[in-house]
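There are 2 protein chains.
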Amino acid sequence: MAGPEIEHLMQMLARLPGLGPRSARRAALYLIKRRESALEPLAAALAQVAERVRPCPQCGNFDTASPCSLCADPRRDDGVICVVEDVDDLWALERTRAFSGRYHVLGGLLSALDGIGPEDLHLPRLLERAGQPVVQEIILALPATIEGQTTAHYIADRLKAAETPDHSLRVSGLAHGVPVGGELDYLDDGTLSQALRARRPV
Amino acid sequence: MAGPEIEHLMQMLARLPGLGPRSARRAALYLIKRRESALEPLAAALAQVAERVRPCPQCGNFDTASPCSLCADPRRDDGVICVVEDVDDLWALERTRAFSGRYHVLGGLLSALDGIGPEDLHLPRLLERAGQPVVQEIILALPATIEGQTTAHYIADRLKAAETPDHSLRVSGLAHGVPVGGELDYLDDGTLSQALRARRPV
Ligand SMILES: [Zn+2]
Ligand SMILES: [Zn+2]
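Order-wise, the sequence lines are chains G and Y.
Each residue of the first sequence is one higher than the last, beginning at 1 in full-length UniProt numbering.
Each residue of the second sequence is one higher than the last, beginning at 1 in full-length UniProt numbering.
For reference, chain G alone in the conformation it holds in the complex (with noise of 0.2 Å):
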């Protein structure tokens, strides 16, 4: 009924995250009436990320810059690298404004159940990185679930065992509790429990 053309990218835009079929297709209808001011430049937009974008060599981050302005930014700190499961957690942890050292994406978290095993992982790179001398902690911010601890626990073996009696890594994670502002009865047991045990004299 709309012609091939605009039912593919209905389609198109029905894939991204957040959208589904009928937001799709209020959002190609958006464009097609705003050709000039929303279509072209998004299209525009599209072409520029995806020909300028790049992930960087060093960390994963993704910029037009290589290595990425992180990396190669000389304010920040070279002794701490945070090691993160995706590109998102390292963005919401810049816009935290609270880490100043580097970054490193793993792409991925080891899970048995979707056959994810070490190999599937940056983690050749981040252990070359973290075997630098510069370099005193490794802060794992993985995600608070089976997969991200396991591959928490299994980074620092694999770290641990890198060590030389010359260079030795601190090896941190995220401290779990109850989030700033959340409600206690939101929270899943394990939180909860956790934020127990963990309890602090205040």
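It should be emphasised that the hints constitute simulated quantities derived from the structure, not laboratory data.
Since the model is a prediction, treat every value here as computed from it, not as a measurement.
Think of the CB as a built atom: it goes at the ideal place given N, C-alpha and C, for glycine as much as any other residue.
Treat the hints loosely; a few may be bogus.
[What the hints assert, rightly or not] From the derived model, a few chain Y residues whose C-beta atoms are all more than 10 Å from chain G:
(1) R35
(2) D63
(3) G79
(4) A112
(5) P133
(6) Q136
(7) T164
(8) D185
(9) S193
(10) A198
(11) R199
[Claimed, not checked] Reference listing, derived: stretches of chain Y covered by chain G, where coverage requires no fewer than 3 residues with Cβ under 8 Å from a Cβ of chain G:
(12) 11-20
(13) 24-33
(14) 38-51
(15) 87-101
[Unchecked claim] FRET-style restraints, in silico, Cβ to Cβ:
(16) G:H176 - Y:G115: 50 to 58 Å
(17) G:D88 - Y:D73: 42 to 50 Å
(18) Y:H167 - G:S37: 40 to 48 Å
(19) G:A198 - Y:P4: 53 to 61 Å
(20) Y:D157 - G:R95: 51 to 59 Å
(21) Y:H167 - G:R26: 37 to 45 Å
(22) Y:D73 - G:P67: 35 to 43 Å
(23) G:E51 - Y:G181: 32 to 40 Å
(24) G:R76 - Y:R52: 46 to 54 Å
Position chain Y with the ligands relative to chain G; hints supplied.
Below, chain Y with the ligands without anything else, positioned relative to chain G:
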């Protein structure tokens, strides 16, 4: 942090209806991670639509063909024109498969508040089309809002004024009432009272 190209893409995506800043970020990352399988195909689909899709000079539908496939389809009934506010409404009606006549997209509704007058709608072409001897009925499929009903009354008056002794038109509107499958208590009072006034023997 993510580079100006990615930030720009996120901003473009965040303007789409149904995508907020957060889902625009997820959508951008989804695309960047899948350059060949999602990003480039979406850019190509947008470019295709930008290049080939135009409003139909006859009815206002969007299509690559001109006149559009609905206007050109010889199996559709020339005797009835269904007037809709926008192309989304045309698509919604087409999905029902309940109508097999022609369409006319107004491109808006009269609104004193938004300063939208008759000259802002695609009215001259509608009056011209309605004047063709073959046309017997005009269905005003406009929203059951003040603007929608004001517009419907305005168009009905213009159509009646243009009638000749040789050519009279039936002008109808959509029935209002309880949506099929709709719970009564989710309906606004206007719909409910209108459904009550228009009650029918069962
Ligand atoms: Zn980097
Ligand atoms: Zn048409």
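Name the hints, by number, that the structure is in violation of. Checked against the structure, the hints that fail are numbers 1, 2, 19, 22, 23, while the rest are satisfied.
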